[in-house]
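Engineer: Each chain, letter by letter, is given below.
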Amino acid sequence: MIRAIVIGASYGGMEAIQAILANLPENFKIPIFIVLHIGSNRIDAYLSTLNKKTFFTVKEAEEKEEFVAGTVYFAPPNYHLQVENYNSLSLSTDEKVNFSRPSIDVLFETASWVFQKELLGILLTGSNSDGALGMKSIHKFGGISIVEDPETAVAKAMPLSCIQLSKPDYILPLQQIAGKITELAIK
Amino acid sequence: MLSENNDLPVNDLVYGADNGDLFDLEIELLLDAVNRAYGYDFRNYSKAHLKRRIMHRLKMSSLATVTDLQKKLLWEKNFYRTFLQDLSINVTEMFRDPSFYKVLREKVIPVLSTYAHIKVWLAGCSTGEEVYSLAILLKEEGLLPRTRIYATDFNKNVLETAKQGIYKKQDMELYESNYNKSGGESNLSDYYTAKYGSVMFDKSLAKNVVFADHNLVTDGVFAEVNMVFCRNVLIYFDKILQNKVLNLFSDSLTNNGFLCLGTKESIRFTQLENSFSVIDKKNKIYKKGAVK
Ligand SMILES: C[S@@+](CC[C@H](N)C(=O)[O-])C[C@H]1O[C@@H](n2cnc3c(N)ncnc32)[C@H](O)[C@@H]1O
Numbered sequence: 001m002i003r004a005i006v007i008g009a010s011y012g013g014m015e016a017i018q019a020i021l022a023n024l025p026e027n028f029k030i031p032i033f034i035v036l037h038i039g040s041n042r043i044d045a046y047l048s049t050l051n052k053k054t055f056f057t058v059k060e061a062e063e064k065e066e067f068v069a070g071t072v073y074f075a076p077p078n079y080h081l082q083v084e085n086y087n088s089l090s091l092s093t094d095e096k097v098n099f100s101r102p103s104i105d106v107l108f109e110t111a112s113w114v115f116q117k118e119l120l121g122i123l124l125t126g127s128n129s130d131g132a133l134g135m136k137s138i139h140k141f142g143g144i145s146i147v148e149d150p151e152t153a154v155a156k157a158m159p160l161s162c163i164q165l166s167k168p169d170y171i172l173p174l175q176q177i178a179g180k181i182t183e184l185a186i187k
Numbered sequence: 188m189l190s191e192n193n194d195l196p197v198n199d200l201v202y203g204a205d206n207g208d209l210f211d212l213e214i215e216l217l218l219d220a221v222n223r224a225y226g227y228d229f230r231n232y233s234k235a236h237l238k239r240r241i242m243h244r245l246k247m248s249s250l251a252t253v254t255d256l257q258k259k260l261l262w263e264k265n266f267y268r269t270f271l272q273d274l275s276i277n278v279t280e281m282f283r284d285p286s287f288y289k290v291l292r293e294k295v296i297p298v299l300s301t302y303a304h305i306k307v308w309l310a311g312c313s314t315g316e317e318v319y320s321l322a323i324l325l326k327e328e329g330l331l332p333r334t335r336i337y338a339t340d341f342n343k344n345v346l347e348t349a350k351q352g353i354y355k356k357q358d359m360e361l362y363e364s365n366y367n368k369s370g371g372e373s374n375l376s377d378y379y380t381a382k383y384g385s386v387m388f389d390k391s392l393a394k395n396v397v398f399a400d401h402n403l404v405t406d407g408v409f410a411e412v413n414m415v416f417c418r419n420v421l422i423y424f425d426k427i428l429q430n431k432v433l434n435l436f437s438d439s440l441t442n443n444g445f446l447c448l449g450t451k452e453s454i455r456f457t458q459l460e461n462s463f464s465v466i467d468k469k470n471k472i473y474k475k476g477a478v479k
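Protein chains in written order, with this note's numbering: chain A, 1 to 187; chain B, 188 to 479.
Please keep in mind that the hints were generated in silico from the structure rather than gathered at the bench. All residues carry an ideal CB built from backbone N, CA and C; glycine is no exception. Honestly, I wouldn't trust all of these hints.
[Said to hold, decoys possible] Chain A regions said to be covered by chain B (calculated; three or more residues, Cβ under 8 Å):
hint	segment
1	52-59
2	62-68
3	90-99
4	122-135
5	139-147
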């Protein structure tokens, strides 16, 4: 059973994330945590678009916030987003990881430690290698991993370095990812 | 024995699906051991933070398990200092979050100006960039001569740097830009002298600053003050410890005293929500005394 979903994306990620969230069904019962490398001047507008175009409540995660289903939590620009325990999230101003803060690896690793095999991790387009180690950790702790097919990714580097480092369970074109998430979620 | 295998590949740790809960148990035992052996209590720090820092240490020291780390910590006293350094994140900046300093000038300084003597407790001061920022701001507002700043941290290494007030020249570009955005009207470079790759801030800025070792978890009220600055420290604590430390601040503040937290920290959802009023919601500035 899947209890949480983590998504990571960088260059080209705004469109990719929107494409996925907009195609998840109403009453989707699993909380979603996202790290997207995006500037602080663009995030507000982006989140309000997502609020309009999806069934979810979409917001920036707050420090020690207790998460609920039906809500999508984004890492605030300049803070790492971490899964603190089974109920709550936390933020951190640690050093950058992979030249990034927020870093996908930080979210994925901390999520894998808490949710272990009840976690679904999804890595999308990006032009760096953030997220590869995080996906490996998800895999090691028994979670399920989906990586976007580099062929459909706006930037291939991120999915490629993930595929090289670990064995994702699924490598899928962007259009098929929402369907796969829905299928895995009802199992 | 695994801990003696120095060839253990970095990043290839033993933790995974078969022993994920063991990882949690070992961490609990480790924190207990550290508390009992060294008197530093990290048991109510953020779990995600602790796990990340401990994982980092395992990789750096080529240790396989948290139990190996515990053994090394107990048997090698010097190694403990390294571990303490791992757990205390010292990332800081001058005029970090410029809008905060701007609002401080606009909303708090006018009140402080009416006092004959001002006392400030800056808890978790790290390497001191925040101390010099505040001192510069107070100087420009004409309040520095009658202000005493208690700058505390539980990490002695960073306190040493803070006392010296020497920083990397390469960081000054960012700090200068922060300073300008924060409402500073001179040049930051007026306050330091540059030499080789370093800059040294004027000693006069720190004349009324007392740097001291203080642990927010285990030590009590430090002094009665008109303002507590504690930015980006509570973020590393769990809810229980956040409540405890906020109570400590409340006890340290005079009536109507100001509490300044980091941008992502808040008294919302804590026990103290109703004993402070909000001065600036976005910049996390509060005043002791309930909303009327
Ligand atoms: C991220 S820094 C924040 C520095 C500065 N206040 C700022 O906002 O830029 C956190 C600081 O809190 C200190 N700290 C952590 N736990 C502490 C404790 N229990 N008592 C006192 N200081 C602590 C660390 O040593 C570190 O210097």
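Engineer: Can you take a look at whether the segment 122-135 of chain A is actually covered by chain B? Rule is 3+ residues, C-beta closer than 8 Å.
Structural biologist: violated (count 1)
Engineer: Do three or more residues of the segment 90-99 of chain A come closer than 8 Å to chain B, measuring C-beta to C-beta?
Structural biologist: holds (count 6)
Engineer: Closer than 8 Å, Cβ to Cβ, for at least three residues: run that test on the segment 52-59 of chain A against chain B and report holds or violated.
Structural biologist: violated (count 0)
Engineer: Just to make sure I understand the rule, a stretch counts as covered if three or more of its residues have a C-beta closer than 8 Å to a C-beta of the chain. Does the segment 62-68 of chain A meet that for chain B?
Structural biologist: As far as the segment 62-68 of chain A goes, the hint holds, because 3 residues have Cβ atoms under 8 Å from chain B.
Engineer: For the segment 139-147 of chain A, count the residues whose Cβ lies under 8 Å from any Cβ of chain B; is that count three or more?
Structural biologist: Answer holds; 3 residues pass the 8 Å Cβ test.
Checked against the numbered hints listed earlier, the structure breaks hints 1, 4; every other hint is satisfied.
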